[in-house]
Every structure is written in structure tokens, then in C-alpha cells.
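Engineer: Below are the chains, spelled out letter by letter.
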Amino acid sequence: MAEQPAIEPMHQFLIHKIWDGPVFQLGGLTVDMSITNSVASMIAGAVILVLFFAMTAKGQIVPNRAQALAEGLYNIVDRVLVTPIIGPAGKPYIPYLFTLFMVILVLNLMGVVLAIGNLGGLSLTFTVTSQLAVTATLAVLTFFSVFFLGFIKHGPKFLGLFAPGGMPLPLLIFMVPIEMISYFVRPVTLAMRLFGNMLGGHVVISLFGSFVVALGLVALSGGLASLAIVPSVLSFGMIVGLTGLELVVAILQAFVFTALATVYLNEVVNFGHGH
Amino acid sequence: MAMQTEDHTAAAGPMPAAPGHETAAVGAHEGATPAGEHAEGGLPQFDFSWWPGQIAWFLIIFFVVLAFMRLFAVPKVGGTIDAREGKIAGDIADARRMKDEADAQAQVAAAEAAQARAAAQRVGAEARAKAQAEIAARLAEEEAKLAATGAEAEARIAKAREAAMSNVAGIAADTAAAIVQKLTGKSATAAELAAAKG
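Just so you know, the protein sequences line up as chains A and B, in that order. Converting from the first sequence to the numbering used here requires adding 1203 to each position, the first position being numbered 1. Converting from the second sequence to the numbering used here requires adding 1 to each position, the first position being numbered 1.
One thing to keep in mind: the hints can contain errors.
[Unchecked claim] Computed spacing ranges between beta-carbons, pair by pair: (1) B:99 / A:1262: 40 to 46 Å; (2) B:83 / A:1221: 40 to 46 Å; (3) B:110 / A:1269: 46 to 52 Å; (4) A:1428 / B:64: 51 to 57 Å; (5) B:65 / A:1229: 18 to 24 Å; (6) A:1287 / B:100: 30 to 36 Å; (7) A:1263 / B:115: 35 to 41 Å; (8) B:99 / A:1388: 45 to 51 Å; (9) A:1271 / B:103: 55 to 61 Å.
Think of the hints as simulated: they come from the structure by calculation, not from any bench. In this text, a Cβ means the ideal position worked out from N, Cα and C, and glycines have one as well.
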């Protein structure tokens, strides 16, 4: 029983260096540009994306399967989100939203599809979107891009966003702070939603994975303990089921993040005539 | 949470070799406490010493992908979809136009056919009328000819009968003369014969 492996569901989120990179100071911050497992996964995801679109975007009128897949992904952003929510004025923002969607989708899927290798302690891959640093970067970048776009397009009038029209002054005193809080909490919810979704499922899968091994080892000791094979096998079934669920979550969260970014962008693009 | 980034990374100082052992985490996450040796700090995500490098790399990679999407993938994929829709719309418009053209041609053809049928009927009616007129004329002519021949023949018969009737008197006189001569041995005179006939 001494060799029973420790249950370390958080181990998969540990960052470690692969190659040393330059370290420099930036206003009191130590920025270590080393290639870590997290950075390596980001680069792999970017390479997958670039290769995928370089190979599939052939521009044929009658598409093959790969091109149809690329166009289907594009249409999720264009025809499902941007055109119905923003309208034709949303066209210029499609590249950003599509990049957002594809980057989150690929990094999420890499975390699920290749995560099987992590169960045995191997670090074949790394779920980049389970890092709060990354989801917060995406959320803050998206939120403040949209916020500053509002000022660029509408000037100080954009602050009217916090004062709902037709509101008497005494109510306005309460409404403006509430509106401001609900507005500026958006990047936090964006970051936490993606982070939490990518974290939870992976932890649970990892836990069930350690059950499979631990209970399997108990069963190997023979006798009555052999019955432990039953929960071991059940845990394995749970991993299979949860992995399927995680695939859905991976796709859904990429969609949700992009959909919310589109909704926020709509407030800016159609400012004044949407309310 | 993000506001604490600076404090922690500043406190962390130079990069440790094994960040898992560092206790930089926030301490608010005892909920899931794994039993391993890396578990002192709670979630590894809250080890802020890794944040600046991760954020910097992520921004670089994100903007590279954004540039690729902006310059290549979106124009290409979106352009293909638009081109396809344009082609389908154009093809449908072409087909509709051709159908209209065909309909118009069919109408012209139908009108022409109706005209031709009317013309043919008129020609047929004319020909029939002409033939009937000709037949009537010929019939009348033949009838007139027949009538004339009949009248001529009747006249001839009447003449012949007259002639024959006049001959009968001569034959009777001759016969009477011959009978008289045979019976009496002497011939009767013409005056006697004429008287006897009376």
C-alpha cells in the first residue's frame, strides 16, 4: 500500500520551464519570457490554427469537408453571432471575434483531447485556458478594447451608458453606481467563467483517474479487496463520460465568451438606438 | 484578484527554479487540498510569479493569430462564402431570366401557331367554297347541256314521228292500191285511193 500514488488533481495545472528565456524588469514586474509548458501549448495551438486555415481556406465554390468545417466555424461567428446581434455594422469586428473564438476553442479542445496523457503524470499537454492569467488577459483585452472603442466612436456621450434614460434624479443617484458596477464586473465574470469551466472538469476527471489507479492497486492485493475492481472500472466509465461532457463544455465556453464579447460590442456599435 | 498581481510578483523577486514549491498563492483556496508535495499553495493558477511571462507570451501569440486571421483567414473564408452566395443568387437570377425568356418565346410561338391555324382554316374554307362553287357551276352546266340534248332529242323524235305518221298514209295507199290491183286486176287511181282513205 506504500506505493499508492498521491492524488494530485492540481498537478496538471503546474507550470514548469522547458527552455530558459530572457528575463527583464518592467516597472517592478519580473517578466520571464521562458518557454514554459503553458507557452509551448499556446504556440502549438497557434500553429494548429494557422495550419488549419492555411490548408482549408481554398476558396472553392463547392467546398470539400475541411473547407466546409472552416466555413462552418466562420459562420458560427458571422451568421450566428455578429450578423443577428450587431447587424451589418459588425463586419469590421469579425476578425477579432473570430480570432477570440478560434483561439479559445483550440486551446480548450487541446486541453480535453490531449489531456488523457496527463492522467498518468505525463505532461503531453496543458490546458492554457485553465490558467487565470490567460483568461483574465483575454477578458481584460476584450473588455477594454470594447470600452475604449465606445469612447472613440461616441466621445463623452458614451458615459450615458451608465445613466438609463427616463430615470428621475433621485433614482439616478442609486442607478449609476449599480450600472457601473455591473458594467465593470464584466471582465471578471468573463475571466472567471472560462477559467472555472476549464478547471472544474479537468480536476474531476483527474480525481476519477487517480481512483482508477488507486482502487485498481487495492484490487491487486487479492482476497476480498479484489472487489475494489468494481469502483475502479466505474471510475473509468466516469472518465469516459466526463471527457465527452468536457468536449461539449470546451466548445460551449468558446462560444459563450465570443457571444458575450459580441453582445458587449453591440452596445458600442449600436449605441443609442439599441435601448 | 488581479489587483494583487504586482504585490505578489514583486515579493517573489527573481524567478524560482521550482515554482510549485513557492507559497505565493492567495491562501483563499483550501477547498481542494491535494495530498501531494506540490499542494502547499492551493491552486497553481494563483502562483503569480508565472503571470507576467504567460500574459506577455499570450498577447504576442494572440496578436500573431489575429494578424493571420485579419489578413488571410477571414478575407479568404468570408470572401468564399460571399462569392458562393453571390454565385447562387446570380445563377438563380439567370435561371429566372431564362425562364421568363422561354415563357415569352412560348407565348410568341403559341400566338404564331394560333395565327397559322387560323390561316390554315381560312385557306381550307376558301378552298372548300371554291370547290363547291366549281362543282355547282359544272353541275349547272351539265344539267343545261343535258336539258338541251333532251330537248333536241324530243324535237327529233317528234319530227320522226310526224314523218313516220305521214309515211303511214303513203304506205296505206300503196297497200290499198296493191290490194285493189290484186283483187280487181286494175289499178286504182290516186284520187280514188285518197277518197277511199277518208
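Engineer: Look at each hint and say if it fits the structure.
Structural biologist: Hint-by-hint comparison with the structure:
1. B:99 / A:1262: 40 to 46 Å: Because 28 Å falls outside the window, the suggested range is violated.
2. B:83 / A:1221: 40 to 46 Å: With Cβ atoms ~43 Å apart, the hint holds.
3. B:110 / A:1269: 46 to 52 Å: Because 49 Å falls inside the window, the suggested range holds.
4. A:1428 / B:64: 51 to 57 Å: holds, 56 Å
5. B:65 / A:1229: 18 to 24 Å: Cβ of residue 65 (chain B) to Cβ of residue 1229 (chain A): about 20 Å, so the range 18 to 24 Å holds.
6. A:1287 / B:100: 30 to 36 Å: holds, 33 Å
7. A:1263 / B:115: 35 to 41 Å: violated, 49 Å
8. B:99 / A:1388: 45 to 51 Å: Since the Cβ atoms of residue 99 (chain B) and residue 1388 (chain A) sit about 59 Å apart, the hinted range of 45 to 51 Å is violated.
9. A:1271 / B:103: 55 to 61 Å: violated, 34 Å
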